[in-house]
Amino acid sequence: MPFGFGGLICSIGQIILNICKERGFDTATSGTIVSILLIGISAFLTGLNLFNKIGKFAGAGSLIPITGFANSIVSPAMEYKSEGYVMGVGGKMFTVAGPVLVFGISASILVGIIYLIFNTQNVTLV
Amino acid sequence: MKKIGNQSICFDNPPTILECASIVGPKEAQGPLAKYFDQTLDDEFWGEKTWEKAESKIIKETVNTVISKSGVPSNKIDCMFAGDLLNQCISSSFGLRELNIPFFGVFGACSTFVESMSLGAICAESFAENVLCATSSHFCSAEKQFRFPLELGNQRPQTSQWTVTGSGAVILTKSGNGPYITHITPGKIVDMGIKDGNNMGAAMAPAFADTLIAHFEDTGRNPSYYDAIISGDLGYVGKDIVIDILKSKGYNIKSNYNDCGVLIFDKSSQDTHSGGSGCACCGTVFSGYFFKQLKERKIKKMLLIATGALMNSTTSQQGESIPGIAHAISIEV
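Chains as they are written, first to last, in numbering that gives the first Met the number 0: chain A, 0 to 125; chain B, 0 to 332.
A few of these clues could be false.
[Said to hold, decoys possible] Derived lysine to any residue pairs resembling SDA-like cross-links, with alpha carbons at most 20 Å apart:
| hint | chain 1 | residue 1 | chain 2 | residue 2 |
| --- | --- | --- | --- | --- |
| 1 | A | 91 | B | 146 |
| 2 | B | 48 | A | 84 |
| 3 | B | 266 | B | 30 |
| 4 | A | 52 | B | 147 |
| 5 | B | 48 | A | 48 |
| 6 | B | 34 | B | 60 |
| 7 | A | 52 | B | 142 |
| 8 | B | 194 | B | 317 |
| 9 | B | 187 | B | 218 |
| 10 | B | 52 | A | 83 |
| 11 | B | 48 | A | 82 |
| 12 | B | 266 | B | 158 |
| 13 | B | 52 | A | 79 |
| 14 | B | 266 | A | 56 |
[Claimed, not checked] From the structure, some residues in chain A lie toward chain B, with a derived Cβ separation under 8 Å:
| hint | residue |
| --- | --- |
| 15 | 48 |
| 16 | 50 |
| 17 | 51 |
| 18 | 53 |
| 19 | 54 |
| 20 | 55 |
| 21 | 58 |
| 22 | 61 |
| 23 | 67 |
| 24 | 70 |
| 25 | 71 |
| 26 | 75 |
| 27 | 77 |
| 28 | 78 |
| 29 | 95 |
Hint data in this document are derived by calculation from the structure and do not stem from the laboratory.
Just so it is clear, the structure is predicted and the values come from calculations on it, not from any experiment.
The beta-carbon is built from N, C-alpha and C at its ideal position, and this holds for glycine as well.
The following block holds chain A by itself, in its conformation from the complex (with noise of 0.2 Å):
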């Protein structure tokens, strides 16, 4: 089921960039508008109450991409809205994907580490 569920949301996913390419967009800007859209879908579902449900049996197919990303952030925005919008939903927004954003972008810097030091040594990279 995860793995049906994964591979749907990548095909919605697929569907939209080729829509945006026909429509003469280039292939860096209809990615974006497919990560806008996917997000743009699942920050509404979990707004909606519904994002929990499709998770409940969807698990790892739905989490995993970027449908889970917007989830993880807006569902704490969400549940600590009564703690006010500043100290509650700016300071607890990011409580689930915050680990996600300090290591994923922590292991980005270090692979750019790696990839200049390689670089500059005029060694490509399979």
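Given the structure of chain A, go ahead and fit chain B onto it with the hints provided.
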């Protein structure tokens, strides 16, 4: 009142459980025990803006219900014991702040209901004519404090339990004609090193076994003495573990033992995995279901053992294990 054995107390003039009341949330209202509760709610907010306020309202209204059902005016209640799961027991203190009754806040995690009744019974045996004991829990506020946001699309493991939304309240009185609280066995803290916050049943089961065996040894009773031995919220996982532990110690409790967390939800249709949990699990099931069984004399001797996991979200994140506790009261008509 005297101490018997290592850790039990026997009452000379056993206090009576005069009246009980219970209010539960919407999910409990779809469960198999729905018809026994005084009131069931249509939604988790009950007209309030936050879950914390809703939980306070639930305990407040449950206490008001038990006061009006009992016919004891609130100025005749000498003291009250109450507690819940939220930080610093705010549901109880906020919910009961307008009552003008001397208040003892109690924390025993999910064992709070029986802990309150134990302390209340000791007061009723000594200075107090009437004592009020109450507890509450709320699925949404508990998830918020201990786990993840509700809308997060994660999955709950099969060992996890569903915190009961609701509140149970009882009034104990010095002079009544039963059901009586005849013995109490306060539990010791037992920590067998379970660290999984999604497996509370396993974390609390050894504490339950410890208290139950202590109760049998102190009182000289055996499992067949009781019509029902009921645990608070061990769930399906904890229930199986407990039966095995007791069997290995030479006690067979399989025929008359059950768990409030198992009884309150229908596992197959309500998707509650290992069953119900929370202070209100034991509180509502006893106040709603078992008290009526005792009144109708369908159960004459009952041992109620509420179990608690004495951890918070910080200790979980720091990788600490979960200390368990279990308090027992023997109730006889």
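Does residue 158 (chain B) lie within 20 Å of residue 266 (chain B) when you go C-alpha to C-alpha? holds (12 Å)
Tell me if the straight-line CA distance from residue 194 (chain B) to residue 317 (chain B) falls inside 20 Å. Status holds; Cα separation ~10 Å.
Taken at face value, is the distance from the CA of residue 60 (chain B) to the CA of residue 34 (chain B) at most 20 Å? holds (18 Å)
Satisfaction of the residue 95 (chain A) interface hint, Cβ to chain B closer than 8 Å: Holds, about 6 Å.
Status of the hint placing residue 61 (chain A) at chain B (closest C-beta pair under 8 Å): OK, holds: residue 61 (chain A) within 8 Å of chain B, min 6 Å.
Closest C-beta approach of residue 77 (chain A) to chain B relative to 8 Å, hint status: For residue 77 (chain A), the interface hint holds, since the closest Cβ of chain B sits about 6 Å away, which is under 8 Å.
Against chain B, run the beta carbon of residue 51 (chain A) and see if the smallest gap drops under 8 Å. holds (5 Å)
Was the hint right that residue 58 (chain A) lines chain B, CB cutoff 8 Å? Holds - the Cβ of residue 58 (chain A) comes within 8 Å of chain B, reaching about 6 Å at its closest.
For the pair supplied as a hint, residue 48 (chain B) and residue 82 (chain A), confirm whether the alpha-carbon distance does not exceed 20 Å. This hinted pair holds, its Cα atoms lying about 11 Å apart.
Interface hint check: residue 67 (chain A), Cβ to nearest Cβ on chain B, cutoff 8 Å. Holds or violated? At about 6 Å, which falls below the 8 Å cut-off, the nearest Cβ of chain B leaves the hint on residue 67 (chain A) intact, so it holds.
So, residue 75 (chain A) near chain B? Judge it on the closest CB pair being under 8 Å. With a closest approach of 5 Å, the residue 75 (chain A) hint holds.
Does residue 53 (chain A) pass the interface hint, meaning its C-beta sits closer than 8 Å to a C-beta of chain B? OK, holds: residue 53 (chain A) within 8 Å of chain B, min 6 Å.
Consistency with the previously given hints is maintained throughout, with no hint failing.
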